[in-house]
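Enquirer: Please construct the entire structure, taking both the sequences and the accompanying hints into account.
For the protein sequence lines, the chains are A and B, in the order given. What the first sequence shows, in full-length UniProt numbering, is residues 1 to 435, in sequence order. What the second sequence shows, in full-length UniProt numbering, is residues 1 to 539, in sequence order.
One should not assume that every hint holds.
[Unchecked claim] Straight line, CA to CA, 25 Å or less: simulated SDA-like cross-link-like pairs of lysine to any residue:
no.: 1; chain 1: B; residue 1: 19; chain 2: A; residue 2: 95
no.: 2; chain 1: A; residue 1: 179; chain 2: B; residue 2: 402
no.: 3; chain 1: B; residue 1: 19; chain 2: A; residue 2: 269
no.: 4; chain 1: B; residue 1: 362; chain 2: A; residue 2: 262
no.: 5; chain 1: B; residue 1: 350; chain 2: A; residue 2: 212
no.: 6; chain 1: B; residue 1: 290; chain 2: A; residue 2: 199
no.: 7; chain 1: A; residue 1: 276; chain 2: B; residue 2: 492
no.: 8; chain 1: B; residue 1: 360; chain 2: B; residue 2: 188
no.: 9; chain 1: A; residue 1: 16; chain 2: B; residue 2: 458
no.: 10; chain 1: B; residue 1: 360; chain 2: A; residue 2: 268
no.: 11; chain 1: B; residue 1: 21; chain 2: A; residue 2: 245
no.: 12; chain 1: A; residue 1: 179; chain 2: B; residue 2: 343
no.: 13; chain 1: A; residue 1: 179; chain 2: B; residue 2: 37
no.: 14; chain 1: A; residue 1: 16; chain 2: B; residue 2: 492
no.: 15; chain 1: B; residue 1: 360; chain 2: A; residue 2: 259
[What the hints assert, rightly or not] If the Cβ cut is set under 7 Å, some of the chain A residues that face chain B in the computed set are:
no.: 16; residue: 27
no.: 17; residue: 287
no.: 18; residue: 288
Everything labelled a hint here was simulated from the structure, so no lab data went into it. Every residue gets a Cβ at the ideal spot worked out from N, C-alpha and C, and that includes glycine.
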Amino acid sequence: MASAQAYPSSEPERWKYLDRIRTRAGPFTNDGIFDGSMVAGQMDKMKILVIGAGGLGCEILKNLALSGFKDIHVIDMDTIDISNLNRQFLFRQADVGSSKAEVAARFVEQRVRGVRITPHNCRIQDKDEDFYMGFQLVVCGLDSIEARRWINATLVNMVDDAVEDSYTPLIDGGTEGFKGQARVVIPTITSCLECQLDMHAPRAAVPLCTLATIPRQPEHCVEWAHVIAWDQEKPFPELDKDDPAHIGWLYQKALARAHEFRISGVTYALTQGVVKNIIPAIAATNSVIAAACCNEALKISSSCAPALGYPDDNYMMYSGNDAIYTYTFKHEQKDDCPVCGNLARELDVDPAWTLGELVESLAARPAAQLRKPSVRAAGKTLYMQSPASLEAQTRPNLERTLSDLGLREGDEIGVTDPAFATVSFKFKLKFTKKS
Amino acid sequence: MTEIVANQTPPILHGPTEKEKKYDRQLRLWAASGQAALESANLLLVNSGPGVSGVEALKNLVLPGIGRFAIYDEATVGEADLGVNFFLDQSCLGKPRAQCVTSLLCELNPEVEGAWYPNAEDVTTLESTLATSPLFTAIMYALPIAKDTLALLEDYGRRNRTPLVAIHSAGFYSYFQISLPGAFPIVDTHPDETATTDLRLLQPWPELVEFASDMTKDIDNLDNYEHGHLPFVTILLHYLEKWRETHGGANPATYKEKIEFRTLVQKAARTNIPEGGEENFDEAAAAVLKTVVQPSLPSGLKKVFEHEPKKPIAEGSSFWIVAEAIKGFHAKHDCLPLRGSVPDMKAQSKVYVQLQNIYKAKARQDAAEVLETAQSIAPGRHFDAAEVELFCKNAPFVKLINATEGDESESNLGAADRLREVTAQEFASDENAELTLAPLSLLPIYLALKATSHVASASADEILADVAKTVPGANDQERVVQAAQEVARAEGGELHNIAAVTGGMVAQELIKIITKQYIPVDNTCIFDGIASRCQVLRL
Ligand SMILES: [Zn+2]
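Expert: Shown next as C-alpha cells:
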C-alpha cells in the first residue's frame, strides 16, 4: 500500500512528481531494501556514466537529468554529422562538426538546472579501469557491437568479490528502425552482453567469388567496388566513408559494374548504406528504448519498484513494425561465456584446417565474432596480430594444419582480440570430420 | 573554350540533396512517399495535466519533419513542469505552456511550422482553434480531460474523419488508444523480407517451365561449373517434374512426401568434386519445405475480402475496387498475383537476371489483369498503375485495421460492453497463466487509469469505486487493487521516462497512420513501466 509520505528533494516543488514515486513505496516495492528517506540524497551523490551521445545518448542524457541524477558523465568520440539531425535533438545545423559529447553535455546542463554533465570527447578504450570504477551505473546507447562488447568485458573484469562497489550495473539500449531492445547486466551475476551475442548475429558475408565473377544483386556490385575495385585503383590514399567524393567514386564503379551485368537497383543511398553499414534510425524508437533504459536506472538507483536485471527478467525486446510487441524475459547466463562464464566454449573444428582457416572462422561465428584474433594454446603463442615483429614470426603457423601444430581434441585455446580489452576467450576444441 | 571542356566532362551523378542527407536514416524506412505524407500532415495536441507524453510525441514527429503542429493547452508554466518537461526552461515560468513548448520544439527542425493556443489575440478557446485551423490530419489529447472538451474533439473527429489518439500516463503506467474513423486498410505493410518468397513452383507458367526445362534438360551431362550454378528454382522445378512422373502426376503434398522429395534433391548433388558438395543443391534442399507449397489465402487478406464496406464498392476508394479485382483474380486462378521478386541464389549473373525478368514479367502481367478487372468494376475511374502493382505485390500482406467497426462510432454502451467482455477474457486467461507461461494481463492498469479519465487524481479507493461501476467485480481482483494503488501513488503526476516511452510509441503509431506504412496498433496499447512490457488490446 502506498505510504502517504514523500521525502522531498532540495527543490520540492520542482521534483514533486518524481519524489512521489521514488521516495514512497508502492504495492510492488520491496520494503526490505527500500528506504524513501534516503533516496534523494543518494541519487544526488551518484555518479552515472552515459556511453554514446548519439540518437540514444541524447535521449538518455535528457531522461537521466529529469530522473533526478545530478552527476552525469558522457563519453563519445564522434563529431556531429548532418544525418544526425533527424533524431539527435540536442544538436543544430550550426553544431555540425563539433564534438557530440561536448555539445550534448552543454545543452542539457543549460536546460535542466542543477545537473552537472561532464563530457569526454574520446574513445571508450582511451579510459582505464580506474575511470570506470568511479561510476555506480553505466548506461549505454551505442550502435556498434564491438564497443558494447568492450565495455561489457571491462565491467565484468572489474568485479572483485571482495569489493562490493565493484559490481557496476550496465544498462544497454539498441535500436534498428522501429525495433529495439533494452537490457540490464549485473556483471558476473546475470547474463552479460557476450552471453547474448548470438541474438545479434552478423549478416552473412557474400563470398568473394560471387563478387568477383557472378554478381547478382546491386549490393554485390557495391561490395565489389568497395572490396576489389578500390584496392586495385586506389583513387584516394585512404577510404574515408564520410567523404562524398569517395562514396561517389564507389557509386560510379558499382553503377558501371551493374550496367555490365544488367543488374538494376544501384543508387547513391544504397552504396552509402552498404559501405557504411547504415542502420535506419528514428527519434521515436530512440525515445522508447532510451527511456526504457533510464526507467531501469531510476528503479535500480532508488529501489522504488522492481527493476530488470536480477533475479528475473533482464531483457526487453521491442518491435513496432507490426502493431507494438514487447517480449520481456530472463536471458540465462552461459557457463561457457568467454567473458563471464567459467567453462571454455566448445568450438567445432576440422583437424585438417590450417590455423589460418580457424582464425577466419572465428570472425564469422555468431557466438564469437572476433575479427582480429590472436591465438594461444597450452602456453604457446600460435598467432599474434601485433606487434608487427611477433606477427611476422608467427605468420608461418597460419599455413600449418591444427594437427601439425599438435592440437588435439579437447585442448583449450585462448583467443584475444584488441577490440575486447584484456579478455581472453576460452575455447575447447571439438574435432569434427570434414563434410 | 571553357564551354567545350565542360561538355567533355561526364555528367555529375546525382548525389543526395541536403534534405536527403538530413533525413537519410528515416528515408530508408518509409521512402520519399512516406516523407511527403509526413510533410503534408498537420497535427493537434490538446494538452492537460503535466502533459509530457504528448510533448515527447511531438518531439519525435517534429524531428522527422512533420509539416505543421499545433498545441492547445490552457496551463501556465509552473515549477513542477520544469522537473518533468524538457521543452521548458527557467525563463518560461509563468508564461503560457503551449507557447513555450511550441517555441522550443520548433528549434528542433526549421522546416516545421508550429502554432499554439489559446493565444491572447483571436483564438481563445478550443472551439475556435478547431474552427479556424487548417484541417488536422490527426489529433492527440492528454488524459485526464474535461468531458465537454472530449465531446468537442470526438465531434470534430466524426465530422472530418480525423484519427484521435488518447494518451494517459501516470507514474509507472500509461496507455494510449487510437480511434480511427472507420476501417483502415494498409497495403505497404513492410513484411519481413524472409516471409515474402513466392516462387509459384507448383503452378509455374509456360515461360518459367520452358526456361527451367531448357536449363535442366541435359542435367546429368552438364559440366561441373554449369551444374553447380543451376539456380535452385530450376533444380526444384526439374525434380518436381521427375517426382510427378513416378507419383501419378501429383506433387509432394504431405510432410513425409516433402522430406522424401528433399532427399531426392539432396542426392542429386554431385559430391565427387573438389568442393565436396554443391551450394545450389543445398539451397534447393533448404527451400523445399518453404517453397513447395500450395498457396493459401493469408488471414489478413481474407479479412479484406470478407469485409463489406458501407458504400457500394464501385463508389468507394480505389483500395476496395482493387481488392475486389484481386478477389476475382484469386477465384479464377486459385492463386494471388505473383509478387515478382526472386531471392538471391547461387547462379551465373546472366542466368539469374533472366530468371528475375521472367518473374517480373509475369508479375506485371498479373497486375495488368487486375487493373483491367478493376476498370471493369468501376468504369471511367482512373487507376494509378503503380498503385495497383504495389497492391498486387503486397497482396498477401495487406492488412485491415479497425475492421469490425462501422463508419459511425459506436454508442457508449457498445464500448462499455466490450470492455466488460475483454476484462472477463483477460482474467480467465490469467487464471491459466501459470500453465501457459503467458505474461499476466495489463488490463488492470488500463482500468485503473481509465477511472481517472476526467479527474486530476484520485485515491485507490476512489479508483476502485469507479472500476466497480464500469466493470462490476473487477475491483475485487488483487491485480486491479494493486494497479489502483500504483496509479494513486502518482497523484496524476508523470515520470519523464514513462512519458518518453509513451510519446515514442505514439509517434511511431502516428507515423504509421500518416504514411500508411507498417501496421498500426488496433487499438489500445498499455505500458507497464514496472515489468517493462506492453500489451495491445482491442477495446
Ligand atoms: Zn557472459
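Enquirer: Would you settle whether the hint for residue 288 of chain A is holds or violated, based on the nearest Cβ-Cβ distance to chain B being less than 7 Å?
Expert: holds (4 Å)
Enquirer: Measure nothing beyond the straight line between the CA atoms of residue 19 of chain B and residue 95 of chain A; if it is 25 Å or shorter, mark the hint as holding.
Expert: Distance ~17 Å between residue 19 of chain B and residue 95 of chain A Cα, so the pair holds.
Enquirer: Is the hinted pair residue 19 of chain B and residue 269 of chain A satisfied, with a Cα-Cα distance of at most 25 Å?
Expert: Since the Cα atoms of residue 19 of chain B and residue 269 of chain A sit roughly 13 Å apart, the hinted pair holds (cutoff 25 Å).
Enquirer: Against the 25 Å threshold, does the CA-CA distance of residue 360 of chain B and residue 188 of chain B hold or violate the hint?
Expert: With a Cα-Cα distance of about 19 Å, the restraint between residue 360 of chain B and residue 188 of chain B holds, given a limit of 25 Å.
Enquirer: Starting from residue 360 of chain B, check that the Cα of residue 268 of chain A is at most 25 Å away, please.
Expert: Holds, at about 24 Å.
Enquirer: Against chain B, run the beta carbon of residue 287 of chain A and see if the smallest gap drops under 7 Å.
Expert: holds (3 Å)
Enquirer: Does the interface hint hold: is residue 27 of chain A within less than 7 Å of chain B, judged Cβ to Cβ?
Expert: OK, holds: residue 27 of chain A within 7 Å of chain B, min 4 Å.
Enquirer: Compare the distance between the alpha carbons of residue 16 of chain A and residue 458 of chain B with 25 Å, and conclude whether the hinted pair is satisfied.
Expert: Holds, at roughly 17 Å.
Enquirer: Compare the distance between the alpha carbons of residue 362 of chain B and residue 262 of chain A with 25 Å, and conclude whether the hinted pair is satisfied.
Expert: Roughly 19 Å separates the two Cα atoms, so the pair holds.
Enquirer: So if I understand the rule, the pair passes when the alpha-carbon distance is 25 Å or less; does residue 21 of chain B with residue 245 of chain A pass?
Expert: At roughly 15 Å apart (the allowed maximum being 25 Å), residue 245 of chain A and residue 21 of chain B satisfy the hint.
Enquirer: So if I understand the rule, the pair passes when the alpha-carbon distance is 25 Å or less; does residue 179 of chain A with residue 402 of chain B pass?
Expert: holds (23 Å)
Enquirer: Does residue 492 of chain B lie within 25 Å of residue 276 of chain A when you go C-alpha to C-alpha?
Expert: violated (46 Å)
In summary, the one numbered hint that this structure violates is 7.
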